[in-house]
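Undergrad: As given, the protein sequences belong to chains A and B, one line each in that order.
Number 327 in the numbering used here belongs to position 327 of the first sequence; there are no gaps in the numbering.
Take the position in the second sequence, starting the count at 1, then add 1000; the result is the number in the numbering used here.
One or more hints might be untrue.
[Stated by the list, open to error] To be clear about the criterion: a stretch of chain A counts as covered by chain B if any three or more of its residues have a C-beta under 8 Å from a C-beta of chain B, and this derived list gives those stretches:
(1) 65-79
(2) 175-182
(3) 246-254
(4) 263-270
(5) 321-332
The hints are simulated quantities; they were obtained by calculation from the structure and are not laboratory data.
From the three backbone atoms N, C-alpha and C, an ideal C-beta is built for every residue, glycine too.
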Amino acid sequence: MYLVCPAGSPPALVAAIDHGADAVYVGFRDQTNARAFPGLNFTEADLRAGIAYAHARRRLVYVALNTYPGPARFGDWQAAVDRAAALGVDAIICADMGVLDYAARHHPDLPRHLSVQGSATTHAALRYYRDRFGIARAVLPRVLSIQQVERLCEQEIVPIEVFAFGSLCIMVEGRCQLSSYVTGASPNRHGVCSPAKFVRWEEGPGGQRSVRLNDRLIDRFEPDEPAGYPTVCKGRYDVGGEVFHALEEPTSLNTLELLPRLKGAGVIALKIEGRQRGQAYVTSVTRTWRAAIDRLEAHPDGWQPDPQWLRELSRHAEGHQTTLGPYHRSWH
Amino acid sequence: MRLTLGPLQYFWPRERVLAFYREVAGWPLDVIYLGENVCSKRRELATRDWIALAHELADGGREVVLSSLALLEAESELASLRRLVENGRCRVEANDMAAVQLLRERGLRFVGGPSLNVYNHEALRLLMEDGLERLVLGVEHGRDVVVEFRASGLALPELEAAVWGRLPLSHSARCFTARALDLAKDDCGFRCIDYPDGLPLASRDGQPFLTINGISVQTVGRCDLGPELQDLEATGISLARIYPQAEGTAEVVARFHDAIRTGVAPPRLGEENGYWYGEAGMARVDRDQASVPR
C-alpha cells in the first residue's frame, strides 16, 4: 500500500520523503492544479530538483493536472502534460477527459491516474476511464462507505486510491459549484475553493468576529470560539429558525481505524490531503501514517491504532476534530 | 429556440407528480425531461413508473428524455440506471459517467446532462464519439464557453442551457434535509416530501442564501435568462430549459413561450443570471441587450 503525501513546496516534498512517503503529489505554479494558491507549488526547476531528491531515494513523484481547462486555454494543459513527461514524473493525476486523451495519445508510457475531481464513483464510470484513456489508478471521491469501497475494489477494474486523512470535501468532488456560485471562482476552472481575496473578517464591539465570502456572511464567532477558513460548506446557517453547521462542521477526515479494512480490500494507495499545509503538517502526518502502515504490515493480527497517533493527527485536523466521514454510514 | 422542461428536482407525492405531468402534456414545450436525478431513495415513482410515464408522454408526440441520477453510489442505483438505459424508446440524459458508459456500451445516442464535466471542445468531441447528440451546459457555464466551443472549429451538437429555476450546485453522500431534521439518512422517513420547493437556508444575518434539497444544494434565487434569450440564440444555444417549481411553472412556460414566439424579451422576474455572464452564479447582471455583441 503506497502512502501518497502532499507537497505544496520543495521543503514539504523533502519532509514527506524524509518521513516515509512512498510518493508525493505536487502541482505546477499555475491553474492546472486544484490548489492554485498564491505562493504555493513548483516551478520547473523546483520540480526537477524534487524529482531528483525523490528518485535518489526510490520514491515517486506525481503531478496533479486536475483542473478543467476551457477551450481557449486547453493548450496550456497540453503543455503542462508535456512538461511533466519531459521532467520524468512517475504519474500525472488528471480529471478532464480532453487532458487524459491528450496524455494517452502523446505520452502513452506516462501513467495516468484519474483524479478525485474526475468524480468516478461506480465500476461503470471507472470502466469508462480505463477503456477510454487507459488509466492506471483512480482516486475515489469522498462519498462512498467502506462497504462500497470494498465492493468497488473487488471488481478489479483499476487499482484504487482513497483519501486517508485531511480536510474533508463533503460534496462529490469535481462537481461542486458552491464556491463559484458565491465568488465566480471554482475548483474545477480556477483550482481554488473560496479564494482568499473574497474573504473579509470583521470584528464587532464585543470582540465577536464575522467572516464574509464575497459579502455573504458565512459565520460569526464569539471571542473565545475557534474560527476556521470560510468555505461555504462549513459555515453556520439558519435553517427553520435554528442556527447550526447545516452542511458540515469544520472537521477533518481521519480513516486511521479503518486501515486494516482498506488494506484488506486491496486499496493500492492512501492519499493524505493538504498541499496548502506547511512542512510541520506534512512531517507529522506522514510520520504517523508511515508508522501505522509499517506496524500493520509487520503485525497484521490484532492491529490497533496507537492513541499517540490519533492525538498527533487530531492536532492537525480542522477544528481539532476528526471524522470517518462518508466511510461510516452514521455520517450520512 | 425550443423550450424544454428539466427534470423535477424535488420529492413530491406520487399523485402530485402524475397530476403535474398530466398538466405538462398540455403546455407548449418541445422536450420534456423526467426521472429521479437527485436521490434514489425517492420512490413515490419507481424507475419503471418513470419509464411508463415517459412512454405515455412520448405517445402524445412529444420528445421525452429520461434523466439519470447525478450521483451514484450503490449497486442498486446502477441496476436502476441500466433499466433506464434499456427503456427501448426514449433517449437518456446522462448525468454521470456511469450513464455514459452504459449508453456507449449499447451504442445508444444520448443527451449529456448538466452534471457531466464538459469544460472544453476536446471533452465534447470525445463524448460525441461516445454518442452524445445534445449537451446541456454545466451549471457554472455561460456565454464564454459556447463562444469558445464554436471558435474551436468542432461541429457542435445541439446546445441547451437552463433559463429558469433553482440550479443544482452540489451533491453529497450526506442528506442535508435529514441533517436539518436531526434524522439519520438511513432512517430519513423521506421527509423531503414535506418540502416541495426545497428547504431554505439563510445566512446568520437573515439573508436567503441556499436551498437544501435532500443530498443536493441548490441556488436560493431563481436563475432567469428571459431577457438574455436573444443573446443565447445568437450565441448558438438552441434549447432553453425551465426547471419545475412547486407553483407557477405553467405561467413561466407560457412567458418563455410567448417571448420565443414574439421575439420580445420578457421582463426579468428571477433573481440571478451571473453564470451566463461569467460572474458569480448568485450575481444579477443588468446589461443592456443592445450592447451585447452578436
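Undergrad: Check, residue by residue, whether the stretch 65-79 of chain A contains three or more positions whose beta-carbon lies closer than 8 Å to a beta-carbon of chain B, and give the verdict.
TA: This one holds; 6 residues, not fewer than the three required, reach chain B with a Cβ under 8 Å.
Undergrad: Within the stretch 321-332 of chain A, is the number of residues with a Cβ closer than 8 Å to a Cβ of chain B three or more?
TA: holds (count 5)
Undergrad: So is the stretch 175-182 of chain A in contact with chain B by the C-beta rule, three or more residues under 8 Å, or is the coverage claim wrong?
TA: holds (count 7)
Undergrad: How does the coverage statement for the stretch 246-254 of chain A fare against chain B, requiring three or more residues with Cβ below 8 Å from a Cβ of that chain?
TA: As far as the stretch 246-254 of chain A goes, the hint holds, because 3 residues have Cβ atoms under 8 Å from chain B.
Undergrad: Given as covered by chain B, does the stretch 263-270 of chain A meet the bar of three residues or more with CB within less than 8 Å?
TA: That given contact is violated, which follows from only 0 residues of the stretch 263-270 of chain A lying within Cβ reach (below 8 Å) of chain B.
Taken one by one, the earlier hints fail for this structure only at number 4.
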